[in-house]
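> Residue numbers (our numbering), protein chains in the order written: chain A, 20 to 411; chain B, 339 to 569.
I should point out that these hints are in silico values taken from the structure, not numbers from a laboratory. Misleading hints may appear alongside valid ones.
Restricting the straight-line Cα-Cα distance to at most 27 Å, the calculated cross-link-like pairs of lysine-lysine (BS3-like) are [said to hold, decoys possible]:
(1) B:K560 x B:K533
(2) B:K533 x B:K427
(3) A:K22 x B:K423
(4) B:K349 x B:K423
(5) B:K467 x B:K423
(6) B:K400 x B:K533
(7) A:K22 x B:K560
(8) B:K533 x A:K22
(9) B:K400 x B:K505
(10) B:K349 x B:K463
(11) B:K560 x B:K359
(12) B:K463 x B:K505
(13) A:K22 x B:K359
(14) B:K400 x B:K460
(15) A:K22 x B:K467
(16) B:K467 x B:K533
(17) B:K463 x A:K22
Now the stretches of chain B that chain A is said to cover, found in silico as 3 or more residues with beta-carbon under 8 Å [said to hold, decoys possible]:
(18) 350 to 364
(19) 425 to 431
(20) 457 to 469
Since this is a predicted model, take the numbers as computed values, not measurements. Glycine included, C-beta positions come from ideal geometry on N, C-alpha and C.
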Amino acid sequence: MLKQTTAVTLLNLRSIPQRWGMSLATVLSIALVVGVLLGFMAMASGFRATVDGAGSDDVAIMLRGGAMAEMNSNVSRDDVRLVEIAPGIAMGDDGEPLISSELYVVADGIKRTTQTRANLALRGLGRHGPALRPQFDMLEGRMFEPGTAELVVGESVLREFDGFELGQSIRLGSNEWTVVGVFSTGGSVFDSEIWADLGVIQNLYDRGSSVQTIRARLTSPEAIEALSEYVENEPRLNLEVLSERAYFARSAGGTTNLIMFLGWPLAFAMAIGALAGAWNAMYASVDARTRELATLRAIGFGGFPAFFAAITEALVLAFAGGLVGAVATYLLFDGVSASTLGSGFTQVVFAFAVTPDAVVQGVILALIVGFLGGFIPAIRAARIPLLAVHND
Amino acid sequence: MTDASALYQLKGLSKRYTRGKETVAIFDGLDMTISQGDFIAIMGPSGSGKTTLLNLLGGIDKPSSGEVVFEGQRIDNLSQGRLAKWRAKNAGFIFQFYNLMPTLSAAQNVELPLLLTSLSGKARKERVKTALDIVGMVDRAGHRPGQLSGGQQQRVAIARAIVADPKVLLADEPTGDLDRTTADEILQTLQLLNKELGKTIIMVTHDPEAASYAARELHLNKGRFEEKGKA
Chain A
20 MLKQTTAVTL LNLRSIPQRW GMSLATVLSI ALVVGVLLGF MAMASGFRAT
70 VDGAGSDDVA IMLRGGAMAE MNSNVSRDDV RLVEIAPGIA MGDDGEPLIS
120 SELYVVADGI KRTTQTRANL ALRGLGRHGP ALRPQFDMLE GRMFEPGTAE
170 LVVGESVLRE FDGFELGQSI RLGSNEWTVV GVFSTGGSVF DSEIWADLGV
220 IQNLYDRGSS VQTIRARLTS PEAIEALSEY VENEPRLNLE VLSERAYFAR
270 SAGGTTNLIM FLGWPLAFAM AIGALAGAWN AMYASVDART RELATLRAIG
320 FGGFPAFFAA ITEALVLAFA GGLVGAVATY LLFDGVSAST LGSGFTQVVF
370 AFAVTPDAVV QGVILALIVG FLGGFIPAIR AARIPLLAVH ND
Chain B
339 MTDASALYQL KGLSKRYTRG KETVAIFDGL DMTISQGDFI AIMGPSGSGK
389 TTLLNLLGGI DKPSSGEVVF EGQRIDNLSQ GRLAKWRAKN AGFIFQFYNL
439 MPTLSAAQNV ELPLLLTSLS GKARKERVKT ALDIVGMVDR AGHRPGQLSG
489 GQQQRVAIAR AIVADPKVLL ADEPTGDLDR TTADEILQTL QLLNKELGKT
539 IIMVTHDPEA ASYAARELHL NKGRFEEKGK A
């Protein structure tokens, strides 16, 4: 049986080039399905990686209770004072607590690629702000001077938007700013932000003395317990305390899920189309070989080798499609920079990441399409009437 | 009743088709005996059931009623699986359009029936070489069917039919697609297989000249045989 099956399978695979048009169409349609799926998965995992990279365990974020996102939060000056004396917060060299009160507003930028306007986060932060981003590095220029209309921009902003080159003057809303530095935070969401002095932002945007978040360096990741307890037991404070990692995981969850919820159904719908294509190609393959298959049966070959050979052909085509899709997605998308609206309605720039795990899932999807598309034609191959030997 | 020297015995063989509401009988109550070593040409007008008879003898079709007995054993009531095994062991087929696998070389085509045996790779190669030698195609062993003429392809098909040493060769219009000279060469090869190697051959043809190579000619007409003796 093994010899028979091997012989018929090889016979079948060798004949693929004779039906190259149909076979190629099958490979390409399956490649497309896998490409779409992997594209979405790469987007989701790239977005997650960017957002995850932004979070550290020894930085705490405090927002107004129930605010969920910075945008909706409002924290008063009095609240900040109460937090400054909280336990678990690390002290700087100057003996002051490592705390940054922050406020961000939405500014307009012109995207380089499309020349259209897109939202950018303009963050006002205290002097400890940069130190609270572990991978912060000044790439060019210097930090802004407090009390001036100077700003520093994340490297993604410089890459994706027009007019943020070092030394450039730029108008954001009704105000004129000067770019004095370019920073990196190692690919995290902050690279998509513009930073300026908190007091200047509060003034220009009429926010009084209120901020949105308080960011604090903890003495250790465990110290968040002590801080949370203090905040809970202090009746004047209505704040939610989260580690930065937990905060970003929560805000990324929605976007990542959205990407995945779009990606899978779309890939699934396309898979049904590819299934029809594979089915058609396999029917054509079996039909083209009707007389051959009948002749083999007349010689004494069983039906199983014909079935196995047809399924194998379908799986080989599907596997090729899966690989083409995966390789193409990798070449086209891996590392490609993209931006999307983060949970604060601002652009988060991130890189697509085609992961090995996603490739495996894509190839499995391709093989499922191949198997389902080849199954019925394979049964037909096994049941070719013997009298078809006389077909001409 | 079985005849010990008979290879085939057909008893009251009928084949009917249903076409819409009508039932058409190809033949009805056919009786016939084929002896070991016979070379029979079955002739007759189109639609007389020549090929249908050959299909029944080769176990690739089943009669509506009656019996096909081969070496004393009924084959018409065997299961598909048993019948496939029977064909592999006993019958070699030669078709009008050769039915070779286009992607395989001549030698690989000839080897196909041997894949159903327990022969080793080496033994299979030797058998293939012998079979190709008999039909004079050893020097074309590596060629694909597309690189061979019609006559050469039919020789390869004959080699495939004899390679597993079956008891009977069943040929359906083996020269129907060939010119006269090539046809004569093929028929001489069949005659040689019959006379030298003692193969029983049953050949369907509508060509009287082809039939003249056979030892017996049977004319199938309106579901009955008329035998013509040879001069």
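> If a hint holds in the structure, say so; if it doesn't, say that too.
Structure-based check of each hint:
no.	hint	result
1	B:K560 x B:K533	violated (32 Å)
2	B:K533 x B:K427	holds (21 Å)
3	A:K22 x B:K423	holds (15 Å)
4	B:K349 x B:K423	holds (23 Å)
5	B:K467 x B:K423	holds (24 Å)
6	B:K400 x B:K533	violated (30 Å)
7	A:K22 x B:K560	violated (45 Å)
8	B:K533 x A:K22	violated (34 Å)
9	B:K400 x B:K505	holds (20 Å)
10	B:K349 x B:K463	violated (40 Å)
11	B:K560 x B:K359	holds (21 Å)
12	B:K463 x B:K505	holds (21 Å)
13	A:K22 x B:K359	violated (45 Å)
14	B:K400 x B:K460	violated (37 Å)
15	A:K22 x B:K467	holds (20 Å)
16	B:K467 x B:K533	holds (21 Å)
17	B:K463 x A:K22	holds (15 Å)
18	350 to 364	violated (count 0)
19	425 to 431	holds (count 4)
20	457 to 469	violated (count 0)
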